[in-house]
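Taken in sequence, the protein lines are chains A and B. Here numbering that gives the first Met the number 0 is used: position 52 in the first sequence is 51, and no number is missing along the way. Here numbering that gives the first Met the number 0 is used: position 291 in the second sequence is 290, and no number is missing along the way.
It should be emphasised that the hints constitute simulated quantities derived from the structure, not laboratory data. Small disclaimer: the values here were computed from a predicted structure and weren't measured. Idealized CB from N, CA, C, for every residue including glycine. One should not assume that every hint holds.
Derived contacts from chain A toward chain B, CB cut-off under 7 Å, selection only [to be verified]: (1) V44; (2) D46; (3) V48; (4) A50; (5) V51; (6) I65; (7) L70; (8) L72; (9) A73.
From the derived model, a few chain A residues whose C-beta atoms are all more than 12 Å from chain B [stated by the list, open to error]: (10) E14; (11) R26; (12) R30.
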Amino acid sequence: MAAPQTTTPRPHTPEEVTATVRQFISRLSGRTAIEDDRPLISDGVLDSVAAVQMVDFVERTFDVEIADEDLELANFDSIRGLAGLVNRRLAAS
Amino acid sequence: MQSTEPHTPPPPQVKCVVWDLDDTLWDGTLLEGDDLSVPEANRQLVRTLDEHGILQSVASRNEPDAVAEQLRAFGLDEYFLYPQVGWSAKSASLRAVAEELNIAPESVLFVDDSEFERAEVAGVLPDVRCMTRQELHALVAAGAVLPAQVTDDARRRRAMYLAESRRRTHEVAFDGPAAEFLESLDMTLRVREASTADLARAAELTQRTHQLNTTGITFGQDELASLILDPGHRVLVAELDDRFGTYGTIGLAVVATGTTGRPGAGPRAAAPPPRWTIRLLLMSCRVMGRNIGTSLIAAVAQLAAAHGAGTVAHFRPTDRNRQMLVTYRFAGFTVESRTDDLVVLSLPEAGGPAVPGYVRLVIEDTPAAPRGTSQELIA
Numbered sequence: 000m001a002a003p004q005t006t007t008p009r010p011h012t013p014e015e016v017t018a019t020v021r022q023f024i025s026r027l028s029g030r031t032a033i034e035d036d037r038p039l040i041s042d043g044v045l046d047s048v049a050a051v052q053m054v055d056f057v058e059r060t061f062d063v064e065i066a067d068e069d070l071e072l073a074n075f076d077s078i079r080g081l082a083g084l085v086n087r088r089l090a091a092s
Numbered sequence: 000m001q002s003t004e005p006h007t008p009p010p011p012q013v014k015c016v017v018w019d020l021d022d023t024l025w026d027g028t029l030l031e032g033d034d035l036s037v038p039e040a041n042r043q044l045v046r047t048l049d050e051h052g053i054l055q056s057v058a059s060r061n062e063p064d065a066v067a068e069q070l071r072a073f074g075l076d077e078y079f080l081y082p083q084v085g086w087s088a089k090s091a092s093l094r095a096v097a098e099e100l101n102i103a104p105e106s107v108l109f110v111d112d113s114e115f116e117r118a119e120v121a122g123v124l125p126d127v128r129c130m131t132r133q134e135l136h137a138l139v140a141a142g143a144v145l146p147a148q149v150t151d152d153a154r155r156r157r158a159m160y161l162a163e164s165r166r167r168t169h170e171v172a173f174d175g176p177a178a179e180f181l182e183s184l185d186m187t188l189r190v191r192e193a194s195t196a197d198l199a200r201a202a203e204l205t206q207r208t209h210q211l212n213t214t215g216i217t218f219g220q221d222e223l224a225s226l227i228l229d230p231g232h233r234v235l236v237a238e239l240d241d242r243f244g245t246y247g248t249i250g251l252a253v254v255a256t257g258t259t260g261r262p263g264a265g266p267r268a269a270a271p272p273p274r275w276t277i278r279l280l281l282m283s284c285r286v287m288g289r290n291i292g293t294s295l296i297a298a299v300a301q302l303a304a305a306h307g308a309g310t311v312a313h314f315r316p317t318d319r320n321r322q323m324l325v326t327y328r329f330a331g332f333t334v335e336s337r338t339d340d341l342v343v344l345s346l347p348e349a350g351g352p353a354v355p356g357y358v359r360l361v362i363e364d365t366p367a368a369p370r371g372t373s374q375e376l377i378a
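The following block holds chain A by itself, in its conformation from the complex:
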């Protein structure tokens, strides 16, 4: 039986993406138990510099590219928003 021929790494499930993003936001903010819908930047949990850190993190971690068009506040203002962006990029690649 031949080994499955695959060049892509194990895909990330949407749940894994959310969990990884949740963990990163928690590290970035120094706070645990942030709800997935809690506004992060517009509510001042994080400052706007954090958005660039988020971009760097998800690009590195999930090997996706975040385009300039993706730099909408909605994509970075909550755990759900960021996880959603990553999942859309993963699906498109």
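Following the hints, position chain B against chain A.
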């Protein structure tokens, strides 16, 4: 090639002078109970360095309390930041000062009467320039220490370091969300038309600021001077203060207003509404994480609106300035067009970006120069 002289770079600008005390800053030895005196030339030099924005500190093998008291008695204590008084090696003291002030050893000058101490520092920190006080006086007299130009920010540099030090203590002790920390700072951002007195600092900002720079355009003082006079441009500077003191001049915006000033060229009926274009917007890294970029963008948009104009912004990506694209996008700008290296963004009609509640924004809309002077206008 016309070049005739070998290309030796000038020594880096001195940013800090670190003084030994016994028989250097003052005559006599403190711990031996000598009758100490500070030579008038030294007192004068301390003041001159300070007024020119050169920071000063102390590296002395002595008893800290006695030194503090003696410096106070001489009326000189306020001039020295992070004085290093104790029994450790002077190289360790110099390194500590450079780290506290966040400056490179090559911009530090160490003055000590002891050949042994100078050799010890030079051995460990070869980039620190070590000399006697006589050599220091001679070097200053030769014009090799003081900067050629003294900006407002240089004059208040020591105060800015002290403010930053108090601010950092507050920040480390502060336990709460980012917004509450920013609220606690009580910030005031003042945006005004640049005057000729701002040119040196403004040019320095364009040359030094890479990360928080929207297009990476650098302007020399001459170019900025002509832009200030150009009726088709606005050059704006931003100063930030908070409860700990001033950050100095930390932001710059160069805006093309599209006003040609041509006599008789009134608005035609079919002309599209005028738009101001932010050709360059930048901020010092000193204010990173304080959402001051958004406030400065809001100030420009408000000024434009007050003159009946919309707002357009240029962004030229470099490998370090993505933060500024994020700032424009989060402030509500959308991408209008894009070429290889230029993104043109614009603000939709309805309203400009909101200024965060924790920033008090003061806009002074007073053109510094007469506009539309006729000799500028060659048809």
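Okay, the hints, checked on the actual structure:
1. V44: holds, 5 Å
2. D46: holds, 5 Å
3. V48: With a closest approach of 5 Å, the V48 of chain A hint holds.
4. A50: holds, 5 Å
5. V51: Status holds, d = 5 Å.
6. I65: Where the cut-off is 7 Å and the nearest Cβ of chain B is about 10 Å from I65 of chain A, the hint is violated.
7. L70: holds, 4 Å
8. L72: Constraint on L72 of chain A satisfied, holds at 5 Å.
9. A73: violated, 10 Å
10. E14: holds, 27 Å
11. R26: Since the minimum Cβ distance to chain B is about 14 Å, R26 of chain A lies beyond 12 Å and the statement holds.
12. R30: Violated: least Cβ distance 8 Å, not greater than 12 Å.
Checked against the numbered hints listed earlier, the structure breaks hints 6, 9 and 12; every other hint is satisfied.
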